[in-house]
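A.B. asks: Now for the letters of each chain:
Protein chains: 2
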Amino acid sequence: MESTRKITLSENEIPTHWYNIVADMPNKPLPPLNPGTHEPIGPEALAPLFPMELIMQEVSQERWVEIPDEVREVYKIWRPTPMFRATGLEKALGTSAKIYYKYEGVSPSGSHKPNTAVPQAYYNMKEGVKRITTETGAGQWGSALSFACQMFGIECDVYMVRISFDQKPYRKMMMQTWGANVYPSPSERTNAGRQILAQDPDTPGSLGIAISEAVEMAAMHDDTKYSLGSVLNHVLMHQTIIGQEAIKQLEKAGADMPDYVFAPFGGGSNFAGLALPFIHKNLTEGTNIRCIASEPTSAPKLTRGIFRYDFGDTVGMTPLIPMYTLGHTYVPAKIHAGGLRYHGAGAVVSQLLADELISAEAIDQLETFEAGITFAKAEGIIPAPEANHAIASVIRAANQANAAGTSPTILFNLCGHGNFDMLAYEDYFAGKLQKHEMTQAEVNAAVEKVDTPTISSVQAMLAQM
Amino acid sequence: MESTRKITLSENEIPTHWYNIVADMPNKPLPPLNPGTHEPIGPEALAPLFPMELIMQEVSQERWVEIPDEVREVYKIWRPTPMFRATGLEKALGTSAKIYYKYEGVSPSGSHKPNTAVPQAYYNMKEGVKRITTETGAGQWGSALSFACQMFGIECDVYMVRISFDQKPYRKMMMQTWGANVYPSPSERTNAGRQILAQDPDTPGSLGIAISEAVEMAAMHDDTKYSLGSVLNHVLMHQTIIGQEAIKQLEKAGADMPDYVFAPFGGGSNFAGLALPFIHKNLTEGTNIRCIASEPTSAPKLTRGIFRYDFGDTVGMTPLIPMYTLGHTYVPAKIHAGGLRYHGAGAVVSQLLADELISAEAIDQLETFEAGITFAKAEGIIPAPEANHAIASVIRAANQANAAGTSPTILFNLCGHGNFDMLAYEDYFAGKLQKHEMTQAEVNAAVEKVDTPTISSVQAMLAQM
Numbered sequence: 064m065e066s067t068r069k070i071t072l073s074e075n076e077i078p079t080h081w082y083n084i085v086a087d088m089p090n091k092p093l094p095p096l097n098p099g100t101h102e103p104i105g106p107e108a109l110a111p112l113f114p115m116e117l118i119m120q121e122v123s124q125e126r127w128v129e130i131p132d133e134v135r136e137v138y139k140i141w142r143p144t145p146m147f148r149a150t151g152l153e154k155a156l157g158t159s160a161k162i163y164y165k166y167e168g169v170s171p172s173g174s175h176k177p178n179t180a181v182p183q184a185y186y187n188m189k190e191g192v193k194r195i196t197t198e199t200g201a202g203q204w205g206s207a208l209s210f211a212c213q214m215f216g217i218e219c220d221v222y223m224v225r226i227s228f229d230q231k232p233y234r235k236m237m238m239q240t241w242g243a244n245v246y247p248s249p250s251e252r253t254n255a256g257r258q259i260l261a262q263d264p265d266t267p268g269s270l271g272i273a274i275s276e277a278v279e280m281a282a283m284h285d286d287t288k289y290s291l292g293s294v295l296n297h298v299l300m301h302q303t304i305i306g307q308e309a310i311k312q313l314e315k316a317g318a319d320m321p322d323y324v325f326a327p328f329g330g331g332s333n334f335a336g337l338a339l340p341f342i343h344k345n346l347t348e349g350t351n352i353r354c355i356a357s358e359p360t361s362a363p364k365l366t367r368g369i370f371r372y373d374f375g376d377t378v379g380m381t382p383l384i385p386m387y388t389l390g391h392t393y394v395p396a397k398i399h400a401g402g403l404r405y406h407g408a409g410a411v412v413s414q415l416l417a418d419e420l421i422s423a424e425a426i427d428q429l430e431t432f433e434a435g436i437t438f439a440k441a442e443g444i445i446p447a448p449e450a451n452h453a454i455a456s457v458i459r460a461a462n463q464a465n466a467a468g469t470s471p472t473i474l475f476n477l478c479g480h481g482n483f484d485m486l487a488y489e490d491y492f493a494g495k496l497q498k499h500e501m502t503q504a505e506v507n508a509a510v511e512k513v514d515t516p517t518i519s520s521v522q523a524m525l526a527q528m
Numbered sequence: 064m065e066s067t068r069k070i071t072l073s074e075n076e077i078p079t080h081w082y083n084i085v086a087d088m089p090n091k092p093l094p095p096l097n098p099g100t101h102e103p104i105g106p107e108a109l110a111p112l113f114p115m116e117l118i119m120q121e122v123s124q125e126r127w128v129e130i131p132d133e134v135r136e137v138y139k140i141w142r143p144t145p146m147f148r149a150t151g152l153e154k155a156l157g158t159s160a161k162i163y164y165k166y167e168g169v170s171p172s173g174s175h176k177p178n179t180a181v182p183q184a185y186y187n188m189k190e191g192v193k194r195i196t197t198e199t200g201a202g203q204w205g206s207a208l209s210f211a212c213q214m215f216g217i218e219c220d221v222y223m224v225r226i227s228f229d230q231k232p233y234r235k236m237m238m239q240t241w242g243a244n245v246y247p248s249p250s251e252r253t254n255a256g257r258q259i260l261a262q263d264p265d266t267p268g269s270l271g272i273a274i275s276e277a278v279e280m281a282a283m284h285d286d287t288k289y290s291l292g293s294v295l296n297h298v299l300m301h302q303t304i305i306g307q308e309a310i311k312q313l314e315k316a317g318a319d320m321p322d323y324v325f326a327p328f329g330g331g332s333n334f335a336g337l338a339l340p341f342i343h344k345n346l347t348e349g350t351n352i353r354c355i356a357s358e359p360t361s362a363p364k365l366t367r368g369i370f371r372y373d374f375g376d377t378v379g380m381t382p383l384i385p386m387y388t389l390g391h392t393y394v395p396a397k398i399h400a401g402g403l404r405y406h407g408a409g410a411v412v413s414q415l416l417a418d419e420l421i422s423a424e425a426i427d428q429l430e431t432f433e434a435g436i437t438f439a440k441a442e443g444i445i446p447a448p449e450a451n452h453a454i455a456s457v458i459r460a461a462n463q464a465n466a467a468g469t470s471p472t473i474l475f476n477l478c479g480h481g482n483f484d485m486l487a488y489e490d491y492f493a494g495k496l497q498k499h500e501m502t503q504a505e506v507n508a509a510v511e512k513v514d515t516p517t518i519s520s521v522q523a524m525l526a527q528m
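Protein chains in written order, with my numbering: chain A, 64 to 528; chain B, 64 to 528.
Where hints are given, some of them may not hold.
Unchecked claim - Below, a sample of chain B positions facing chain A; criterion: calculated Cβ distance under 10 angstroms:
#1 S66
#2 T67
#3 V137
#4 I140
#5 M214
#6 I226
#7 Q230
#8 M237
#9 G242
#10 N244
#11 P247
#12 G443
#13 H480
#14 N482
#15 M485
It is worth saying that the hints were derived from the structure and are not from the lab.
These numbers were taken from a predicted model, which means no experiment stands behind them.
We treat Cβ as the ideally placed atom computed from N, Cα and C, and that holds for glycine.
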């Protein structure tokens, strides 16, 4: 009998609902706070930036939120994504662990990001929004949103950090091919951009500045809204189609539910997308599936950060969110996994970590590239640097299982391909990659700067309301 | 009822056999000739370069050649590939034509090339070959072969045209990540390379020189063979899994067999892969499926070349092959669809064209990029420049059908994605792309240089043997 390598589903098996874990959480995430008054904010505070349907999803307590037909129609371009039994990797590692991975790199922009970009563009279109603004660093999120906006016929303005705009033309051209307007940030189009340029005409830009520009344009124009690619509840919820499909595929393959689920961790949507449906099983069916976030040692908010209210952006304009954080002004080392260079974790995953319903480990980028190259040689697919973090975790777990003589079932999120990241692999081969582990002094210095409300102070305030 | 956008097959529907059209051709392709004596050569003449199993496939008259299990096992990494109903493109064109496309860009290297690279690497491995050499221009073929060699644990030496080696690092890094040795050509490793470098140390290199280097290394080492990515019969045959899957998918979708099948044309394997199983239907079931090759106006061998014996390479080292050709010394303009910049067509497709069992049309690259961008915006997938030729043909056919008030079924080969070709799109948007249509004087000048045997002279010789 031939072995099964790839477990596929047909179009009509695309999930019909997103899963909202808030409905099942023993402790709900604490509310966002007004950055000025430190008081809880309601949905109306977000209205200048987001369409009402997304705001309602952001605060929803419903367990299942129906996916509109128009969104499922676009999902069909690449979903359901395949799940693989990693027979090549298992052989290369000499492990008796059963390793599976869900491959999100088959989307048009090459990562899991369109899973949320498509519904975000859809709801904006439905509410008459003409243009969505966003920021992008290397371009993964910007290209996903450009694709999604093109599918629903609305304009997309991407503020791309100037140094990436100049040095990484491939993603920029991809966005333009999908009809987006891509502006190097800082630009002359916004007050924020003009101010920065007046002070420093040659600035390389930053993600913080790009966010400021995108938010300003959305706030100042009635027909324009803003879009975020991770962190927020509704973004995490949109990604849960990954884990839902994975459960169906494991069942179809006759496999056990996994002992371990690994996914890379940036702001939380990559990890949440795969893990939350498995945590649902833990919470409602009594399974014991260990869901573990793989974060970089250069931005170890889950393993070494503090759980406290903090800003979502580096400038300090957003509402305050309860998050595991290294402080919103902390600038992680310039590792190649740009999608994981974020100071904090979304409210939902932070609460799950605080409640020990998930766990995390931090891995250095040298180890992640070694893992990624082992994977590419064994499985044939070259992973994105973000995905290499989960692969490194899997290899660690498989080696531990070998030492212990156990044969666990392991699942991970291969969140994207590395086609646009080949220069990162070149740096690895050329010996140019460095270890980037924060020292304890650096961690202390970073978190000491956080002067925003503590979790307990807000809990006390809420108890009195 | 929801519409069907993507028709998928499961792993066990990967074809079990390659289709060899030679068995069904009314006129078999004429034999290759020794370049010195102009006499027909037998399989033994190819033995220094290719493993015996591939040589036997090259001259096989069997209709169906079984695909080894080990090859199907690697095919499972990306096959069966999806077929799409192009609902977005149909809407954008306002056509009542039913348009389908087979998407080969889901392979690890992003094109249809691994379909033959994998069996070639496999048969070499089986016969104890330790190393395969090949040449590559921009890197599409080199990366497919690097991937395939890694899957079977043999060495891969790629001679990459120096200017591409320097200017297109992404594909080079991809090959190195899969463990291949990539040498800028000309190199100091071969006699051919050293001679060229002695004359011109700063040469940018050429595909002809790179072929010479790869062939020399294979000829001089017993444990080393050479590999080609198109033109030859066995290469075309390996690609027929594309068309076989497409037929199953059309049947599964309840669709009519196509009125038109379009595919890009370089040396023939892209086109043959999709078209030959449909021509099999025409030859054995009496269908009338029009299979049309889309070639660039800058290398129009099918529409404007002559049918004559010619060399496969620019230097004149290979056996003479009966082909539609512009002359082996003709250097096509540097269009972005590098995979289509070839002077001739393989013997099988040339004979099919001579017998009017297929047809061809030539399209300028400006029109192809307009078509590709229309497609990307409508369907979400950004195509490779080669694929844009087929898309342009489809758009022409749909517009003609609209004008005639007909609703044909159209199928084409979306042979790869454009992730590594974004600079080509940038050139298009920047207005830097030019028309490259050969003038009649240029065609005449090119074909007048061909002084190799004519088809009729060889037929006369064979009649006397």
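A.B. asks: Tell me, in ascending order, the numbers of any earlier hints that this structure violates.
C.D. replies: Those not satisfied are hints 6, 7, 10, 11.
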